[in-house]
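> Based on the sequences and whatever the hints tell you, model everything.
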Amino acid sequence: FRTVYGQAYLNPDYAFMTRAIDGSADVKDFVIAPNAQTSIFLMSDADLRAAGFDYDPNTSQWGYAKPGSGLNPSFGGQAGTLISRLIRTSVLTEKMESFAGEGVIEAFNGEYIKYKNGKLYASGNIAEGTEVTITDTRATVNGNAYVTNGMLKFAEDNINLGYTLKGLANSSDPAIANSYSHFYKYLEKSELWTDTAKTMID
Numbered sequence: 064f065r066t067v068y069g070q071a072y073l074n075p076d077y078a079f080m081t082r083a084i085d086g087s088a089d090v091k092d093f094v095i096a097p098n099a100q101t102s103i104f105l106m107s108d109a110d111l112r113a114a115g116f117d118y119d120p121n122t123s124q125w126g127y128a129k130p131g132s133g134l135n136p137s138f139g140g141q142a143g144t145l146i147s148r149l150i151r152t153s154v155l156t157e158k159m160e161s162f163a164g165e166g167v168i169e170a171f172n173g174e175y176i177k178y179k180n181g182k183l184y185a186s187g188n189i190a191e192g193t194e195v196t197i198t199d200t201r202a203t204v205n206g207n208a209y210v211t212n213g214m215l216k217f218a219e220d221n222i223n224l225g226y227t228l229k230g231l232a233n234s235s236d237p238a239i240a241n242s243y244s245h246f247y248k249y250l251e252k253s254e255l256w257t258d259t260a261k262t263m264i265d
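Just so we're aligned, residue 64 is where the sequence shown starts under this note's numbering, counting upward by one.
Any given hint might turn out to be false.
DSS-like, lysine-lysine: derived pairs with alpha carbons at most 30 Å apart [claimed, not checked]:
(1) K229 - K179
(2) K91 - K179
(3) K216 - K129
(4) K216 - K248
(5) K216 - K229
(6) K252 - K229
(7) K158 - K182
(8) K177 - K248
(9) K179 - K158
(10) K177 - K158
(11) K177 - K91
(12) K129 - K182
(13) K229 - K129
(14) K179 - K248
(15) K216 - K158
(16) K179 - K129
(17) K91 - K158
(18) K91 - K182
(19) K216 - K182
(20) K216 - K91
(21) K229 - K248
(22) K252 - K177
Each pair of labels, with its calculated beta carbon distance range [said to hold, decoys possible]:
(23) N180 - N121: 18 to 24 Å
(24) V204 - N121: 22 to 28 Å
(25) S242 - T144: 30 to 36 Å
(26) G133 - N233: 22 to 28 Å
(27) P237 - Q124: 20 to 26 Å
(28) N233 - N135: 29 to 35 Å
(29) L73 - H245: 46 to 52 Å
(30) N98 - L73: 17 to 23 Å
Please keep in mind that the hints were generated in silico from the structure rather than gathered at the bench. Beta carbons: idealized from backbone N, C-alpha and C, even for Gly.
Here it is, written out as structure tokens:
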């Protein structure tokens with residue numbers, strides 16, 4: 064209860080997250096270890112439902128439907144894999160004291176999260192033009208649990224390099240757009256922009 068895991072386990076608003084951690088043995092072993100140094104981004108049941116997830120306690124299966132698809136969650140199949148990846152993206156292998164300034168951090172699963180002045184961006188957030196805001200910090204014996212507005216997301220589609228560059232160049236975040244727009248425009252007009260390369264965007 065004194066660890067970052069306890070911040071989810073003891074709060075009914077994070078029942079889904081607790082179930083997801085319990086279903087990922089390696090993640091749970093890490094976040095309950097008192098001597099681990101970690102950080103975790105708490106995802107509420109409300110945020111997970113808004114992202115298309117659900118859980119059926121009768122079958123112990125996760126369900127998922129892509130937001131905006133108009134479909135009911137499909138239980139089993141890829142849903143468990145998606146929630147497992149999401150949990151691993153929300154756990155860091157180091158204790159972060161602050162997300163002020165700007166930088167990049169590595170998540171438990173090896174994916175990277177950008178932060179800037181208290182805002183967080185995983186691959187899906189960058190693709191969608193969304194952000195995650197830290198609203199509270201809860202210190203524990205093995206790290207910090209961060210309450211967030213919104214949740215970290217990974218890019219669901221098989222987004223290729225060209226599509227990713229185009230998305231970064233047209234990001235709603237001026238800092239991200241300014242970092243990539245010149246390179247994207249140069250690439251698009253260069254001799255390297257063959258028919259094969261162009262299909263990376265289309």
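> With the threshold set at 30 Å, check whether the alpha-carbon distance from K177 to K158 stays at or below it.
holds, 16 Å
> Hint check: K177 vs K248, CA-CA at most 30 Å. Holds or violated?
Holds, because 23 Å separates the two Cα atoms, which is no more than 30 Å.
> Verify the CB-CB distance for N180 and N121 against the hinted window 18 to 24 Å.
Given about 44 Å between the Cβ atoms, the range is violated.
> Under the criterion that the straight-line Cα-Cα distance not exceed 30 Å, is the pair K158, K182 satisfied?
holds, 17 Å
> Given the hint that K129 pairs with K182, does the C-alpha gap stay at or below 30 Å?
Holds. K129 to K182 sits at ~24 Å (cutoff 30 Å).
> Taking the beta carbons of N233 and N135, is their distance inside 29 to 35 Å?
This hint holds: roughly 33 Å between Cβ atoms.
> Hint check: K216 vs K248, CA-CA at most 30 Å. Holds or violated?
Holds, because 27 Å separates the two Cα atoms, which is no more than 30 Å.
> Keeping to a limit of 30 Å between CA atoms, is the pair of K179 and K248 held or broken?
holds, 25 Å
> For G133 and N233, compare the CB-CB distance with the range 22 to 28 Å and indicate the outcome.
With a Cβ separation near 27 Å, G133 and N233 satisfy 22 to 28 Å, so the hint holds.
> Verify the CB-CB distance for L73 and H245 against the hinted window 46 to 52 Å.
With Cβ atoms ~49 Å apart, the hint holds.
> When you check the alpha-carbon spacing of K229 and K179, does it fall within 30 Å?
OK: K229 and K179 at ~21 Å, within 30 Å.
> With respect to the beta-carbon atoms only, verify the hint that V204 and N121 lie 22 to 28 Å apart.
Distance hint for V204, N121 is violated at roughly 35 Å.
Taken one by one, the earlier hints fail for this structure at numbers 23, 24 and 27, listed in ascending order.
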